[in-house]
Every structure is written in structure tokens, then in C-alpha cells.
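Engineer: Listed in order, the protein sequences are those of chains A and B.
For reference, each letter of the first sequence is one residue, going 185 to 424 in our numbering.
For reference, each letter of the second sequence is one residue, going 15 to 266 in our numbering.
Keep in mind that the hints were calculated from the coordinates and are not lab data.
A couple of the hints might just be wrong.
[What the hints assert, rightly or not] Straight-line alpha carbon distances no greater than 25 Å define the calculated DSS-like cross-link-like pairs of lysine-lysine that follow:
id, chain 1, residue 1, chain 2, residue 2
1, B, 105, A, 394
2, B, 62, A, 394
3, A, 186, A, 354
4, B, 28, B, 105
5, A, 402, B, 95
6, B, 95, B, 105
7, B, 28, B, 177
8, A, 402, A, 354
9, A, 394, A, 354
If you want the building blocks of each chain, they are given just below.
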Amino acid sequence: MKSHFLIEQIFHSAVEGEVMIRLSSGEQLPLSAGQLWIGFHDPMADLLPTALYPAMDERGEWYLAGAIPSGWQAGGRLSIHGPIGRGFTLPRSSRRVACVSLDEGVHYLMPLMQQAVRQGAEIVFCGEHSPLRLPALIEVFSLNQREEWWQWADFIAVQGSLPAVAAFFKEIDEKFSFPSKKDGVEVMVRQPVYCAGMAECGVCALPARKGWLLACRKGVVFDYSQINWSVAGLVENQPG
Amino acid sequence: MAMLTAKQELMLEKGWMNSAGALGFNPPLPYWQYQPPIAYVTPPLTEKARPPAVNRKVMRFAGGVLLHNGGFNPGLRTALKENTERWARSKIPVWVHLLLEDPHSAERMLAQVETCSAVTVVEISLPQEWSAEQSAQILRSLRSDLPLVLRVPLNQMSEEWIKQAGAAGFCALTIGAPLGSLPDPHWGVLTGWLYGPALFPLALQTLLRWGDCGLPLILGCGLFREQDVITALQQGAAAVQLDAILWQGGIF
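Please build the complete structure, drawing on both the sequences and the hints.
Structural biologist: In C-alpha cells:
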């Protein structure tokens with residue numbers, strides 16, 4: 185799907201280097217937590233398309249967030265292409281949901297938490313701190329308190345950069361012999377995406393059990409079991 | 015001088031195609047807006063698969079970007095196996111781009127490609143680290159029934175061995191994206207392909223300088239605006255290749 189919108193509002197999120205935008209008539213976009221969208225504004229100025237991720241604020245309103253170029257201004261015209269990937273798939277039967285944020289990007293998990301609230305699940309948020317005011321229903325734990333929620337949850341959503349997620353699962357594996365937790369763990373890995381899925385350039389590639397998974401083609405949410413975590417921690421491809 | 019066997023002619027019409035690496039093997043169709051391409055060029059293929067570089071990255075500089083990915087590709091055999099059927103159905107001629115690594119693999123790769131009837135042209139690039147003599151030697155030794163196009167990075171276009179391409183049987187010369195390097199806080203220096211409008215003045219100047227080389231020239235870097243494409247074609251380019259601009263919807 186490719187559509188054109190006007191940028192209605194731009195504001196900075198609490199996450200360093202990230203900016204949020206709200207689109208005029210943005211409710212036309214079928215936004216879902218964990219999906220990837222690609223935005224184009226001014227090719228000559230931006231040089232590359234911009235990866236955008238659906239996010240939600242404390243009021244439950246949708247935004248798109250990412251490393252948005254400084255040249256984007258309210259009133260500017262934006263072409264949006266997507267969605268790429270399926271995003272998080274919270275089963276309707278899930279009753280104990282844990283949302284784990286390995287950085288300040290909790291706004292990417294907010295839509296999922298709201299969805300879990302609507303379907304009557306118990307929810308815990310796990311992270312070092314949250315820049316957003318979470319709904320009162322959500323219990324907050326630090327990452328160090330994983331004994332409290334890891335085995336309890338029947339669906340776990342984790343978000344972060346590739347090195348952070350790889351380190352997290354390494355610790356989990358050491359502590360809980362992780363293979364015993366086979367289902368219900370999904371990971372959102374915010375990989376740098378530059379070619380909008382056109383070139384298969386490999387910059388966004390994640391090591392899979394066999395071969396490579398391209399975030400620009402498959403999206404940024406994967407089942408835990410799809411990624412070869414022993415190799416993932418070796419990748420150093422943060423945006424430059 | 016290479017023995018020229020009877021081979022298919024290269025029919026090159028003034029128009030555009032993607033540069034090798036700008037599109038994957040299965041680009042979303044249509045990846046153009048109003049003016050269809052005259053050919054589709056595959057990503058650079060090596061004989062064996064290459065994983066993405068551990069330090070893969072895209073870095074910005076004024077007027078461009080640097081892409082470092084280690085030459086990530088599935089290998090020629092896998093690429094042909096997985097894509098031949100689709101290429102055979104394509105209305106757009108398919109150019110396979112080969113990144114040569116040594117003379118022996120070059121022969122094997124050409125032989126493989128020639129068995130694939132869906133391929134109409136082979137575009138070749140040589141390793142940057144080869145000497146002029148090595149490069150000239152491989153040019154002279156390459157033989158194929160398919161039209162061969164030599165792609166040379168912009169920053170190598172001053173080298174004398176390139177002038178032997180015509181005599182060696184190549185049908186066209188692509189002036190491709192240059193290699194460049196940028197400082198990286200973690201890796202010291204990263205080297206990769208450069209894309210962006212900042213390259214256009216140098217690319218155009220190179221096109222003008224090589225205009226009498228005797229081969230059709232394809233300008234394949236620095237093109238980010240429709241006006242620049244028009245200028246290139248008016249100034250002697252037989253065709254053009256678009257790269258990173260395609261990631262933002264293209265020019266046309």
C-alpha cells in the first residue's frame with residue numbers, strides 16, 4: 185500500500201534521536217504494533233527513505249516514530265509505503281502478557297499493551313524506565329526482576345536494538361534454559377532499513393537458523409525461534 | 015586479442031535501468047512510476063554466497079550515502095535456480111551482474127549464465143584490488159556468446175586498461191558508483207559504494223571525457239533527478255542506471 189499524507193504534527197519523543205509524527209487523515213493507515221512503514225518526503229534532501237514504526241501515546245493515539253530527518257516539517261507532504269511484516273500477533277487467548285522494552289522505546293509496545301487491556305489480559309511492563317505514563321492496570325517490573333514474570337507470561341513481546349535483544353536472550357537462556365519456553369515469544373528488532381525493501385542490500389539482515397532474514401522484507405517482528413541468537417550478538421550495524 | 019565468437023548483439027536503447035545492487039532479485043512491481051526500464055540488472059553475484067558484513071552499515075555524507083554490506087548475495091547458482099523462471103516471464107530484458115573474483119571462477123560463472131536462456135546480457139565488474147595488468151588480462155580472456163558489458167566504478171575511470179574493453183569484445187561500458195571511505199567510531203574506516211546527487215558533476219565530466227572511447231556508455235551513478243538523466247542522455251550516454259533514488263520511488 186502506498187499513500188500520500190500531510191504531516192500534521194511533529195514532536196520529539198523521549199527516546200534520543202527519535203521523532204514522532206502524526207499524519208493528517210492518518211487513521212486511514214491500518215497501523216498495528218510492530219509493523220514497519222517506509223516514508224519518503226524529499227529525495228534530494230533526505231537521500232534515503234525513512235523507516236517508521238507505529239507508536240502510541242498515553243492517550244491511546246497513534247503516531248509514527250523513527251529517525252525522522254530534520255527537514256520534515258508540519259504541513260509537508262509525505263508518501264507512506266507499507267506495512268511491511270505482520271507486527272506483533274497477540275493471540276486472543278493470551279491472558280498473561282509481558283511487554284519488555286530494552287530501551288526507552290516503550291511507545292512501540294503501547295499499542296500491544298492497549299490491545300491486551302481490551303481483551304482482558306493481565307499485563308506487566310518490564311523495562312528500566314518508561315517515559316510514558318502507563319495505564320494503572322499495568323504492573324511494572326525492572327528487567328532484573330525477570331523471575332517474577334518470565335515463567336508467568338503466556339505471551340512475551342520484546343523490543344530493542346539487535347545487540348540489546350541478543351544480550352537479553354543470552355541472559356534469559358543462561359538463567360532459564362530458554363528452549364523450555366517454546367511458544368509465545370515475539371521480538372521486535374529495530375534494524376536500520378535504508379533500501380525500503382527494494383535492494384535486499386543486507387544491511388538490515390538478521391541471522392536466521394538457516395540463512396538470513398531481511399527486516400525490509402519480512403518486517404521487524406519475529407518469533408524468537410527464527411533468529412540465530414548466538415550469531416546475532418556479533419553484529420554491529422547501528423545506524424550511521 | 016580475444017577471439018570473438020558469433021554472439022548476440024547488444025541492442026541498447028536510450029532509457030534507464032537499475033544499477034546492480036539497487037534492486038534485489040524480486041523487486042516489487044512496478045518499481046517504476048511512468049516510464050518502464052529498458053532492462054533489469056541483478057545484484058552483483060559471486061560464485062559462492064557471501065554473508066552480509068558484520069559491520070554492515072549505511073553512512074551519510076553531504077550529498078550522498080555510503081553503503082557497506084560486504085557484497086551480500088546468495089551466490090550465482092542459487093540466484094539462477096530461484097529466479098530463472100520469473101526472469102523468463104519478464105517483459106524486461108534481464109542482465110546478470112557478475113562480480114569476478116578470479117579468472118577460473120569467471121569462466122565457470124559465464125558458463126552457468128549462458129545456460130540460462132532468460133538472461134540477455136552479462137554485466138561484469140572486477141575486484142578493486144586487482145592490478146591494471148590483472149584487469150587487462152581478465153578482459154582479454156573472457157569469452158561469452160552473450161553480450162558483455164564492463165562496469166567500472168567512477169573512481170577507477172582514469173585507468174588505461176579500461177580502453178582495452180572494446181578490443182576485448184565488450185559491447186558497452188557502465189560508469190558505476192564509486193567506492194569511498196568514511197570514518198566510523200567503532201571500525202576506524204568503512205569502505206563502501208557511494209550513492210547520491212553529489213556524484214553527478216563528476217559522473218557527467220567522466221561521461222564527457224570517455225565519449226570517444228568507441229563503446230556505448232551507460233552512466234550509472236549520481237542520478238537523482240529527471241533533469242540529470244535528460245542531461246546525461248543528451249551528452250552522449252547510451253543509457254542510464256538509477257541506484258538509490260529507486261528506494262524513494264524513482265525519478266519518473
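Engineer: Decide if the proposed pair is consistent with the structure: residue 402 (chain A) and residue 95 (chain B), CA atoms, cutoff 25 Å inclusive.
Structural biologist: holds (22 Å)
Engineer: With the threshold set at 25 Å, check whether the alpha-carbon distance from residue 394 (chain A) to residue 354 (chain A) stays at or below it.
Structural biologist: holds (19 Å)
Engineer: Are residue 28 (chain B) and residue 105 (chain B) close enough, with their CA atoms no more than 25 Å apart?
Structural biologist: holds (17 Å)
Engineer: Sort out whether residue 354 (chain A) lies within 25 Å of residue 186 (chain A), counting only the CA atoms.
Structural biologist: The given pair, whose Cα atoms are some 38 Å apart, is violated under the 25 Å limit.
Engineer: Does residue 354 (chain A) lie within 25 Å of residue 402 (chain A) when you go C-alpha to C-alpha?
Structural biologist: With Cα atoms ~24 Å apart, residue 402 (chain A) and residue 354 (chain A) stay inside 25 Å; holds.
Engineer: For the pair supplied as a hint, residue 62 (chain B) and residue 394 (chain A), is the alpha-carbon distance within the 25 Å limit?
Structural biologist: holds (16 Å)
Engineer: Just to be careful, I want the Cα atoms of residue 95 (chain B) and residue 105 (chain B) compared with a cutoff of 25 Å; is the pair within it?
Structural biologist: holds (19 Å)
Engineer: Given the hint that residue 28 (chain B) pairs with residue 177 (chain B), does the C-alpha gap stay at or below 25 Å?
Structural biologist: Judged against 25 Å, a Cα distance of about 23 Å means the pair holds.
Engineer: Is residue 105 (chain B) close enough to residue 394 (chain A), meaning Cα to Cα at most 25 Å?
Structural biologist: Distance of about 33 Å is beyond 25 Å: violated.
When the structure is compared with the earlier hints, violations turn up for hints 1 and 3 and for no others.
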